[in-house]
Structures are given as C-alpha cells and as structure tokens.
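Produce the complete structure using the sequences and hints provided.
First to last, the sequence lines map onto chains A and B.
Per the numbering used here, numbering of the first sequence is gapless, rising by one per residue and ending at 744.
Per the numbering used here, numbering of the second sequence is gapless, rising by one per residue and ending at 792.
Everything labelled a hint here was simulated from the structure, so no lab data went into it.
Mixed in with the good hints, there may be bad ones.
Unchecked claim - Within a straight-line C-alpha distance of at most 25 Å, the following computed DSS-like cross-link-like pairs (lysine-lysine) qualify: (1) Lys550/A - Lys784/B; (2) Lys784/B - Lys546/A; (3) Lys630/A - Lys667/A; (4) Lys765/B - Lys742/A; (5) Lys792/B - Lys765/B; (6) Lys701/A - Lys789/B; (7) Lys765/B - Lys546/A; (8) Lys457/A - Lys733/A; (9) Lys733/B - Lys550/A; (10) Lys550/A - Lys792/B; (11) Lys621/A - Lys733/B; (12) Lys733/B - Lys765/B; (13) Lys550/A - Lys758/B; (14) Lys546/A - Lys760/B; (15) Lys758/B - Lys563/A; (16) Lys427/A - Lys701/A; (17) Lys784/B - Lys528/A; (18) Lys412/A - Lys427/A; (19) Lys758/B - Lys621/A; (20) Lys733/B - Lys528/A; (21) Lys420/A - Lys792/B; (22) Lys546/A - Lys758/B; (23) Lys457/A - Lys630/A.
Unchecked claim - Derived Cβ-Cβ restraints for the label pairs, each shown as a range: (24) Lys630/A - Lys765/B: 26 to 32 Å; (25) Lys457/A - Lys784/B: 55 to 61 Å; (26) Pro643/A - Leu757/B: 46 to 52 Å.
We put the CB at the ideal spot given by N, CA and C, even for glycine.
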Amino acid sequence: MSRSSTPFAPLLSDSALDEFVRRTAPYSLKSTERLFFDQLENCVCVRIFMRRKDLLSEPVKHIKINGKVTVDQLVQQFSNSGSFGAGRLSVACDIYEKMIREQECTIFLGLAGAVVPAGMRSLIADLIREGLINVVVSTGANMVHDAIEALGGHHYKGHWLMNDEVLYKHHVYRIYDVLVPEEDFIKLDLKLTGLYDEIADENKGKTLSSRAFAWELGKRLDDPNSILRAAYESNVPVFLPAVRDSELGYVYYLHASRRGFKDTLVVDAFKDVPEIIGICRRSPINGMIIIGGGVPRNTIQSAALATKSGLDYAVVITMDRPETGGLSGSTLEETISWGKVKGNADKVMVFADAMIVFPIMAASVLDRLGKGFKRIPPKHLGKFE
Amino acid sequence: MKDRSEEKQKFCGNCGSHNAYDYPEQVFCTMRFLKNKEPIVKTLWHCEDWHLNSQECQCIKDATRKEEK
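Shown next as structure tokens:
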C-alpha cells in the first residue's frame, strides 16, 4: 500500500524523518545499511514518534450485510474492516477512481493470463468505450481469444478435473476450467490468414508496430463486444509486445508459407517502443492497472522508466510471489527501486484472482462515478491509426 | 487392437495433419492449406498425401456413427 494509505505516515513528515535519520544514524554507516534504515521509516515512526493510543486509533469495523448491498457498499465495508485482501481491494478501488477523476491521467491496462476466455472480454471492451481505459498492453493470446469470439466462436464452462486425454481425443482444449473447441481456433486461423494477406497487400512491405497491427485487426472485426473492435472505434492503442508468442504467430506461419515467405505481413515489436514511450512522455499523469503481470506489466513500467518520471498510480492484481524474482510477483516497492513507479505513488497489490477482483473494482468505481459521469480521454493521447 | 486397425484405414481423420473443422464430419488439413489446396475435407475421405501418423482421436468413430444414423 502507498505511504499515504498507511495510518502512520501522516504523523511524520519527510523533513522530520530526514532530521531523525541525520541525528541518529552515525556517519560511518554504510550506504546499504542506511538504505535499510530509511526503509524502516514506518517502524521508526511507530517506535519513536507515535504514542500507544495513536496506534490503536482506528478499530476494525466488522462487515455487516443487511439485506441488499451494492458492490460499492460491500467494498466500503471492506474499507471499514481494512483487513487483508479486502482492505487491499478497497484501496485498489480508491486508486482506480482517482485515476479516472484525474482528467489528464492516462490509464494503462496490462493484461496477462487467460482473463478474456474466462469471461472478462465485454467488461474490458465497455471500459474502453467509456474512456476508463486509455491504453491496453496485452498478451497476444488474450486478443486471440477476443478474435475467436468476434468470429462466432465460443468458450465453454468445463472443470479443472476433466480427463485431458479424453479432451485431446475430442479436439477440445482446456484452460483450467474453460474449454475451447479446436474448430474455433481453426476457423480463426483461416479467417486471420486471409486478413493477414489483406493487411500485407495494403501495406506493401511497410513494417507495422504491434499497435498498428492490432488496429488493423480491430478495423476488420465486426463485433461491438470485441476488445480489439472497441479499441479501434475508441482510439485506444492496443500493444501486443509478445505478439508472436500466441496463435497470431502461428497464423503468420500459415500466411507466410502460402506466399513462399515473400510479400508477407511485417510486424516489428521494436516499433512499439517509441510509440508507448511517447504516450507516457506526453501524459502528465500515468496510472496502470495490471492483471497478472509478465511482459505487459514490464512494457508499461519500462515506458514510464524511459520518461524518467515513473508511474503515479499502480494497481497490480496477481497471485504470484516475489521470491522467485519474476516480474508478475515483484512488489511495487521493488518497482520503485527501478524508477518505474514513483516513490510517492498511490499503489497497491491485490493478491487474488483477477476474475474476482477486477469486475468488483469496475462495478464499485462505476457506482461511485454515477450514471451521468462521462470521461473524455486525455487530449495528449492524439489520434492513432 | 480395434483402435489400431481403425487407425490404418485411409481416412483424413486418421491422418496426422488434421484438425477439427466441423466435428466430427469435416476436418482441416494443414498440409493442403499450405499447398493452397482446399483445406476443409470430409473426415471419412482421404487424399493422395494421406499418411498414418495417428492423433489418437475420436474423429473416425464419431463420424462413422453419425453417418450410420
């Protein structure tokens, strides 16, 4: 949680803390030890400056469900209890609301993990259309599943204990407890191969960024619930930094093989780099919501780093752990050390299933904004094509 | 043993190059697609390029059952 969201921090200003460190830390202290000492700031506050009654100023208010409650009312109860995952979720809702109310804030959504096949597709498309997401950075796979549904395919409810050999024999793929018929992938391959041909012919050897490629796909998908289509219609860039690591890569193989690897579609993810850095640089305030982590999270964070300013808001929803050193579980404090998130950013990590957390966040914040609320996308984003 | 003898029959559904297209009656042949030939073929049909590289799937059984109905 951010410093401003801890109850202790307001009791000690930065200058007071600096003064304390100056007086108490011996000059011979090694820099690493000093760094560690600084990180203990809250503990220092607690031990030296806080009175016992200050520590016990805010009682846990127990959750009470009296009849009907709205999602936001429940989140407010989570805030009142302030505990564990519930407390973190309520902070995440507060931060998302702040991002939205900051007119100049560019809201990045990082998508990793199979949330689109699991049922998050329409919600994300709606948030894009409402201007509540301004930039999407996604795995290729999530956009593949978006396109599968846009082309008439479906995802089905299954079970995590299904016999996978039986599924294999019936040409059915499993994503935990979601099933996808093989023919929906095949129909996607066929359709997209044709679209790749069309895009390649139109661009005549011109190299596209993954953002421009996603825009070309969105232009050609006729489904209002599609993320790619909503992004195309709403001038929201979709970056696919790991585009080849999905069915989109295999479709390239089909498209290029049929052409003898001549006059093929050319997508270069390096072309994304100046584009996304440019968005961050033009934006006076940058915020990110991360579902999962991985390449999409680092793509956003690295863009913020390149602008030398770091992110102002950060919400990460993950179930990964930091001990392995992988980015998906790395703490936002660790991210500060790189300069990717500002030290005073409003930030929180929610350690829970994004399929539960993100729809609750969206419902709670939409309730707070009210029906008449309209967010105009920040002007500095410019026009994408 | 029965499965093995079925696999040896020359059906597209027994060939290693197929995927489901309209299960169980039609399959998609990647090899034909790459050669710019019509890739969607009947499961119980076979072409001159047929080769046995079994996928251990249910295509043939289910397609046969459907045809018999």
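Results for each hint:
1. Lys550/A - Lys784/B: Not OK: lysine 550/A and lysine 784/B at ~29 Å, beyond 25 Å, violated.
2. Lys784/B - Lys546/A: holds, 23 Å
3. Lys630/A - Lys667/A: holds, 20 Å
4. Lys765/B - Lys742/A: Status violated; Cα separation ~48 Å.
5. Lys792/B - Lys765/B: holds, 17 Å
6. Lys701/A - Lys789/B: violated, 63 Å
7. Lys765/B - Lys546/A: This hinted pair holds, its Cα atoms lying about 16 Å apart.
8. Lys457/A - Lys733/A: Roughly 14 Å separates the two Cα atoms, so the pair holds.
9. Lys733/B - Lys550/A: violated, 29 Å
10. Lys550/A - Lys792/B: Measuring from Cα to Cα gives roughly 32 Å; hence the hint is violated.
11. Lys621/A - Lys733/B: violated, 35 Å
12. Lys733/B - Lys765/B: Distance ~12 Å between lysine 733/B and lysine 765/B Cα, so the pair holds.
13. Lys550/A - Lys758/B: holds, 17 Å
14. Lys546/A - Lys760/B: holds, 16 Å
15. Lys758/B - Lys563/A: With a Cα-Cα distance of about 23 Å, the restraint between lysine 758/B and lysine 563/A holds, given a limit of 25 Å.
16. Lys427/A - Lys701/A: violated, 40 Å
17. Lys784/B - Lys528/A: At roughly 11 Å apart (the allowed maximum being 25 Å), lysine 528/A and lysine 784/B satisfy the hint.
18. Lys412/A - Lys427/A: Violated, because 36 Å separates the two Cα atoms, which is more than 25 Å.
19. Lys758/B - Lys621/A: Cα-Cα ~15 Å, so holds.
20. Lys733/B - Lys528/A: holds, 18 Å
21. Lys420/A - Lys792/B: Violated, at roughly 65 Å.
22. Lys546/A - Lys758/B: Status holds; Cα separation ~18 Å.
23. Lys457/A - Lys630/A: violated, 31 Å
24. Lys630/A - Lys765/B: 26 to 32 Å: Violated, at about 44 Å.
25. Lys457/A - Lys784/B: 55 to 61 Å: Between lysine 457/A and lysine 784/B, where Cβ atoms are some 59 Å apart, the hint holds.
26. Pro643/A - Leu757/B: 46 to 52 Å: Between proline 643/A and leucine 757/B, where Cβ atoms are some 51 Å apart, the hint holds.
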